[in-house]
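Asks: So the protein lines, in turn, are chains A and B.
The opening position of the first sequence corresponds to residue 64 in my numbering, with each subsequent residue numbered one higher.
The opening position of the second sequence corresponds to residue 3 in my numbering, with each subsequent residue numbered one higher.
Worth flagging that the hints you see were computed from the coordinates, not collected in a lab.
Values in this document were obtained by computation on a predicted structure and should not be read as measured data.
Here a beta-carbon is modelled for each residue, glycine too, at the ideal position from N, C-alpha and C.
Take these hints with a grain of salt, some might be off.
Unchecked claim - No more than 30 angstroms apart at the CA atoms, straight line, and that leaves these computed lysine-lysine pairs for DSBU-like:
#	chain 1	residue 1	chain 2	residue 2
1	A	K185	B	K266
2	B	K219	B	K449
3	B	K266	A	K65
4	A	K185	A	K166
5	B	K449	A	K65
6	A	K113	B	K236
7	B	K296	A	K95
8	B	K296	A	K65
9	B	K93	B	K266
10	B	K266	B	K226
11	B	K236	A	K65
12	B	K93	A	K65
13	A	K65	B	K454
14	B	K152	A	K168
15	B	K236	B	K297
16	B	K295	B	K226
Claimed, not checked - The following residues of chain B were derived to be distant from chain A, with all beta-carbon distances above 10 angstroms:
#	residue
17	P229
18	P248
19	V306
20	Q322
21	S377
22	K449
The primary structure of each chain is shown beneath.
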Amino acid sequence: MKNLIGYVGFGVVFLLLTLVASFITVDWGLEKGYGEPYWGDSKLATEGQKIVTSAGCLHCHSYRGQLGQVTGPSLDAVGLRLNNPKVIETFIRNGSGIMPAYKDKLTDEEITLISEWLSTFKSPYEER
Amino acid sequence: MENNNVSFPNSDNVASKFLLTSAFYLIAVGLTGLIMAVLLVKPDFFPDFISFIAIRGIHIQAIIFGWLSMALMGAMYHIIPRIVNRDLFSKGLGNLHYALMHVGIVIVVVTLLMGFNTGREYLEPVLFINIAVVLIWLIFFVNILMTIIKGNVPKFSPALNFMVLSILYLGVNYLWANFGFWSGVRDNLAIWTFAHNAVNGWFMFALVGIFYYIIPKMTGLEEKDAPYPHFLSKLHFIAVCIFIPPSVLHHLLYNEAPVNLFWKIAGEWTSVGMLIPTFVWFYIVAISIKNSKKKLGVAGKFVVATMIFYLMNCVQGSSQSIRFINDFTHGTQWVVGHAHLALFGFISFGAFGFTYWLLSQYYGENSYSVNFGNSHFWIAIIGFLGMFIPLTIAGLIEGSMRGTADFYTIREAIQPYLLTRGVFGFVTFISFILFATNIWKVISVAKQNQFKPIRKDGIDITG
């Protein structure tokens with residue numbers, strides 16, 4: 064019993080310590096605005112993040128290889144490829160190929176908001 | 003240590019239920035995977051109401067909580083009472099847990115199809131289901147804990163240590179990720195904390211614990227006959243405890259992930275450190291299999307395959323955690339291949355192995371068809387490698403095209419590989435059906451016996 068508690072206790076305590084330490088200090092020392100626009104804290108970015116997550120965009124797309132999946136094209140430079148919020152809006156509204164149409168799933172305001180936010184995504188690929 | 007006078011009716015009752023039904027969730031996993039493989043090649047093949055997002059969630063949740071958790075919990079319900087030499091604390095709680103698992107999975111599938119989805123990978127179910135999952139986990143944990151407290155814990159048992167730690171890892175990480183209400187990079191970190199620790203903590207620790215119990219029994223090399231020094235199992239345990247928690251950060255290396263250099267380096271090098279326990283455990287199992295005193299049969303085939311895929315998986319995992327390799331493979335189909343290597347090649351093959359072995363202990367070695375078992379093994383291997391190799395190649399192609407002007411043609415370039423994956427995915431699906439048929443055979447044998455274990459020569463061989 065002593066051995067069991069000792070070994071398992073060590074494992075759990077170390078897990079908890081790492082969780083607490085990493086969650087507190089994970090972004091210490093980074094300059095302000097690091098990772099904009101996706102990680103930004105403007106109203107557009109916070110609202111946009113919320114909608115993009117809950118609508119399921121990240122089940123196919125990703126941003127800079129962070130959150131999200133690899134099925135659809137990444138959102139890194141969507142603002143360069145589709146260089147007008149209206150174009151992005153059309154894609155979201157009507158879908159294309161495997162991408163479902165979102166015109167009945169999101170409100171008009173939500174679609175406009177994320178299109179605007181996505182059109183600021185202009186990270187060039189060369190900067191890897 | 004073990005006493006043949008103790009019988010385990012509660013444990014047999016609960017464990018056999020879990021082991022006999024987990025296989026059928028695998029069909030749901032295969033079916034959803036197949037639908038997605040078709041959708042990726044021909045997006046308009048299915049009517050619109052089959053949504054990729056819902057199917058993807060079901061695929062993940064069915065494999066985590068349907069197939070793998072059920073199989074692992076079943077094995078734990080069998081093994082832990084035998085290690086502490088006392089019957090399971092409560093049959094009622096065990097059966098309640100069993101029933102709630104089915105209800106929970108059905109609710110998860112229905113809500114995902116209805117569109118309730120948090121959008122967080124691996125954590126798709128919404129809040130009220132999360133609370134239910136925590137309650138189900140508590141029922142499981144209390145039952146196991148009471149069994150251990152009332153039982154006779156051996157002085158040092160790596161199997162028991164790993165299994166108890168795995169249950170706690172599941173609980174701690176599930177609570178942390180679901181009820182933390184994190185935002186920004188911390189939300190990202192919470193998702194990966196669960197995704198990584200569910201696989202590397204819950205699944206791997208549980209399987210390691212189960213193998214620490216099963217392999218000596220299977221090979222007839224128990225206690226002092228063990229062909230490896232015992233300090234290796236202690237080293238194995240301590241090494242995984244130290245290396246696994248910080249290695250979560252290797253999911254946040256790529257590009258300008260808002261993570262500071264300290265945690266990036268910690269994530270990289272603890273992942274490389276994972277090679278130590280990997281090779282230690284591989285040695286322990288390999289040397290046992292090599293010196294086996296008994297015939298290994300179908301289960302042994304799966305154990306050997308499990309260990310080979312485990313080694314492949316960990317070498318791949320550690321190397322892709324180094325930043326300059328990660329830059330190439332991150333966010334490509336390579337990762338999809340790696341995920342299938344871990345959950346299918348490693349954990350599922352292990353689960354096939356121990357399911358066959360435990361069921362043969364319950365209902366005799368003739369309860370399932372050996373020919374079916376062998377075809378299941380080879381078809382699963384062909385199907386799996388046929389999925390894994392094209393995905394890995396597609397990932398390398400994607401990685402090499404990503405920084406160039408050819409970026410726009412990536413989808414066309416990897417299309418043939420996705421098609422190959424779909425074809426071999428079908429082969430894999432056939433192997434799942436073979437497995438389920440085989441389990442169905444065991445069920446029909448067990449039914450004649452009112453699901454009571456058949457003892458050879460009147461001796462409790464399940465001990």
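Asks: Next, verify each hint and record whether it holds.
Replies: Verification of the supplied hints:
1. A:K185 / B:K266: 25 angstroms, holds
2. B:K219 / B:K449: 26 angstroms, holds
3. B:K266 / A:K65: Given pair B:K266, A:K65 is violated - Cα atoms ~36 angstroms apart, limit 30 angstroms.
4. A:K185 / A:K166: 25 angstroms, holds
5. B:K449 / A:K65: 42 angstroms, violated
6. A:K113 / B:K236: Given pair A:K113, B:K236 is violated - Cα atoms ~45 angstroms apart, limit 30 angstroms.
7. B:K296 / A:K95: 64 angstroms, violated
8. B:K296 / A:K65: Violated. B:K296 to A:K65 sits at ~34 angstroms, over the 30 angstroms cutoff.
9. B:K93 / B:K266: 46 angstroms, violated
10. B:K266 / B:K226: 43 angstroms, violated
11. B:K236 / A:K65: 14 angstroms, holds
12. B:K93 / A:K65: Within the cut-off at roughly 27 angstroms; holds.
13. A:K65 / B:K454: 35 angstroms, violated
14. B:K152 / A:K168: Given that 30 angstroms is the threshold and the Cα spacing comes to 54 angstroms, the pair is violated.
15. B:K236 / B:K297: 28 angstroms, holds
16. B:K295 / B:K226: 14 angstroms, holds
17. P229: 22 angstroms, holds
18. P248: 5 angstroms, violated
19. V306: Holds, since 28 angstroms exceeds 10 angstroms.
20. Q322: 12 angstroms, holds
21. S377: 32 angstroms, holds
22. K449: 38 angstroms, holds
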